[in-house]
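Student: This is what each chain is made of:
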Amino acid sequence: MTALVIAEHDNQHLKIATNHAVTAASRLGGGVHVLVAGADAKAVADQAAQIAGVSRVLLAEGPSLAEGLAENVAAQVLAIASSYTHILFPATAMGKNVAPRVAATLDVAQVTDITKVIGPDTYERPIYAGNAIATVQSTDKTQVITVRTTGFDAASASGGSALVEAIPAVADGGKSCFIGRSVTKSDRPELTAAKIIVSGGRAMGSSDKFTEVLTPLADKLGAALGASRAAVDAGYAPNDWQVGQTGKIVAPQLYIACGISGAIQHLAGMKDSKVIVAINKDGEAPIFSVADYGLEADLFVVVPELVASL
Amino acid sequence: MKVLVPVKRVVDYNVKVRVKSDGSGVDVSNVKMSMNPFDEIAVEEAVRLKEKGIVSEVIAVSCGVAACQETLRTAMAIGADRGILIETSEELQPLAVAKLLKVLVNKEQPQLIILGKQAIDDDCNQTGQMLAALAGLPQATFASKLDVAGDKATVTREVDGGLETITIDLPAVVTTDLRLNEPRYVTLPNIMKAKKKPLEVLKPADLDVDVTSRIKTLKVSEPPKRRAGVKVADVAALLTQLKNEAKVI
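First to last, the sequence lines map onto chains B and Y.
In case it helps, the numbering used here puts the first sequence at residues 66 to 375.
In case it helps, the numbering used here puts the second sequence at residues 3 to 251.
Pulled out of the complex, with its shape left as it was, chain Y reads as follows (with noise of 0.2 Å):
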């Protein structure tokens, strides 16, 4: 069976970014750029299913700039097959990677659709359930365990107070959390051998996709700063002032 694996190219983790003083955006020229973190679960975990035998193909993609190729480079050498990018310079929101994503599972047919349950950047946590959604597709959301038997998958997804459980009907939609894997550290022979490994690129036209954004951005800020309070010197200061200052116990 074969998986596929959208991943985005976005700003590092460990990033702090800037506010453009114009508030058109943040600044984002010369930052370091990385594989979405939760995407990277989901490229780990799809490789893992080959290793074990339950899948033939990783087929990594992503959407956006051409510079996506680097995150699909890094796909490959975590141990992705293939990839393809769909090239663009405009602005992509999660409706219009959806329906790019969409036409890509009609064409390759994957049974599993892993990705990353949001982006780090945009935080809007949207993809993988709309791609669910236009695809026909049953979607298991914030995945902790998968378990892939036949045609069937069993997750265990991370929701509110606790686990729960549920199994899909292949084709479907995994979206990943945290604690679904831990990715290998990439290395240098795999890095290598990811070069050498097959990369489409296709653009939003040649999948009539129109990929106009819906949401405009008005203007960007900065949050209200919250300012350094005191340093206490001990328990019966710090009491003192949560009782009468704050007030709060």
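The following block holds chain B by itself, in its conformation from the complex (with noise of 0.2 Å):
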């Protein structure tokens, strides 16, 4: 029985979200290997060999894989599934993407964003935006698998030595092609791996205003920007920086809501987290019910409170 785990990644750097879906494929009691599918992406493949529990790691390089098309991908992927018996993705925007194709191909259902392994093809997941939680089983010969990065403990990225095999890399599909990417620039940590967030809601009023009362905030805290769906949708903030049920699932150490009320599908997202602070106006807004500190107040008064404090 041996896991194989498609490496989040960039070219250049293993992406943080690998180790967590390493974590959950070592759950599963048999060996992990990591595929590392991409262009020049040896320096990735040399990270993944490192990460503490993989045995092996599968490079293939080539032009068709440089962009992380799905066709390509999930091409690659299917060239060597038949020698494992669980296929495991982290749940990213690359995981979502591709790990369908893989199941629907191999004709498998897929096992989407577990937070447990239970046994072998027993795992948790959460359904109706976390309001319930699903124990499944199943009945597949090859289980096709994304793992919720914040279910799991990210594998340590050292301690390890898999050796590096290099293989083919399947040709182009020609029925996509890449044209490009706009990748916010930023010094801040990435929202689903940053130990702090501060996240705005409707009530921040414009865009203008998001940035010009939580950017310090997030400053002094080294902490990452998120953003509710309401604030999205009014166009404060951009959707990557989305967090909830529709957007990204966060469970950092501290999580500070300004300005959210807290509807289901933002709760979805950060339930998780650690500490959770509540900043808003309106004492009845449900976002207290799960705050461990919950300060009612106009956020535009205490958050430069707050920056001048820290």
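Okay, derived cross-link-like pairs now, DSBU-like style, lysine-lysine, Cα gap no bigger than 35 Å in a straight line:
hint, chain 1, residue 1, chain 2, residue 2
1, B, 339, Y, 227
2, Y, 205, Y, 54
3, Y, 147, B, 260
4, Y, 245, B, 181
5, Y, 195, Y, 54
No wet-lab data here; the hints were simulated from the structure.
Both chains are sitting in their own frames, so use the hints and assemble them into the complex.
Tutor: Listed below in structure tokens is the structure:
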């Protein structure tokens, strides 16, 4: 029984989401291999080889894999799928994009967003925005899984000494073509990897206010910035800041929710945070029912005050 | 060109579901059901393509119980031209739905299939990608912008950390993200008109698809409850708590 973890990377750096998926794979009880599919991605494979618990790294390099197009990455996974009992992807945009293609081609179901491994074919996963937890058992011969990264600690990035083996890259499928990417350049930590998150809701009132009020707090704390769906819908913050059922699932040490009412769909994305602080004028806001510390006050007054006192 | 828009009937997004006491599932009796919000965005996008003259026909399809006809009527009230219901009372998982849709894709030959990126009940995020794989089509998931020109579509996708743009050859599958559009309000005259639009009902057996579930749900339980903490009086008190009690800053 061997599990294959598909690495999340940008051809230079291995993303920490991979380490979380490795932990999930280790819990299955067999060996763990990692596939790095990319272009000029040797450095990524070397990083993957250091992860504790990984016994082999397969490196497929080619122009078809440079930009992570779903059709090509899926084909690459399928080329080696028969050697594995389990194929795991971190539940990132990449993982969610590719995993179902792999599963459907193998004619197996996919188990999305597992948060716990109960046995080699049995898992826990949240449904209904995390308002219920389902224990599910897959009856398929190959188990295709996406791993909710907040459900598993990251495997140590050092201590492993896996062999890196080059494998041939698949040819380009030819039906899709990468044009460009606009990735927000930021010195802040990534939302899903941040220890502290400062998040804003509809009460921020405007994009300018959002930036003006929350950025200094995030700067002081070395925090990532997040937003509720309402704030994203209103155009106050970019969609990749969205925390919630339909955005990112986060579990930082400290989550500071400013002017967020606490809709079900938002709570789904942050209720596993270690400590939650809610700042809201409305004392009845549902966010207070999950907050460890609630401050019932005007955020435009107290957030600057907080910044000044830090 | 034809567009196929699969739509799912789900528990309304405003409903907080309750887990049944016997752990067999969630209680969905007597709760409000609606079209999956991401599918509504998909219908809107297809109808806008029709209004721009790029698309000639929008076909809404739903798989599930007879009541999914209501969901299809909603899609037709937004502007879909006709509906197809693949009726079954069996639980349908994404792989089964993708197989059913693939048969319809073969039959109807749409150039585009637009559907929501995930359903808000099972939160699977699988059906579009699975359909693309089974039908041998390219995919553009999590779309926030869609331009169709000739036999290609250019799609801006929401990815971790920003946006990505790809072009895909048609026919193709596109799954919608939140910011693709804002669905219109359905007006009463359009609801009345939708009642007269054609709605065909098929059975999975008619399409020769085995919809047996591959994943068994052993139990459904309540998530661990997070208890409410304390209200603090002011910023100073908050900082004291964070530093001394929670020790997170």
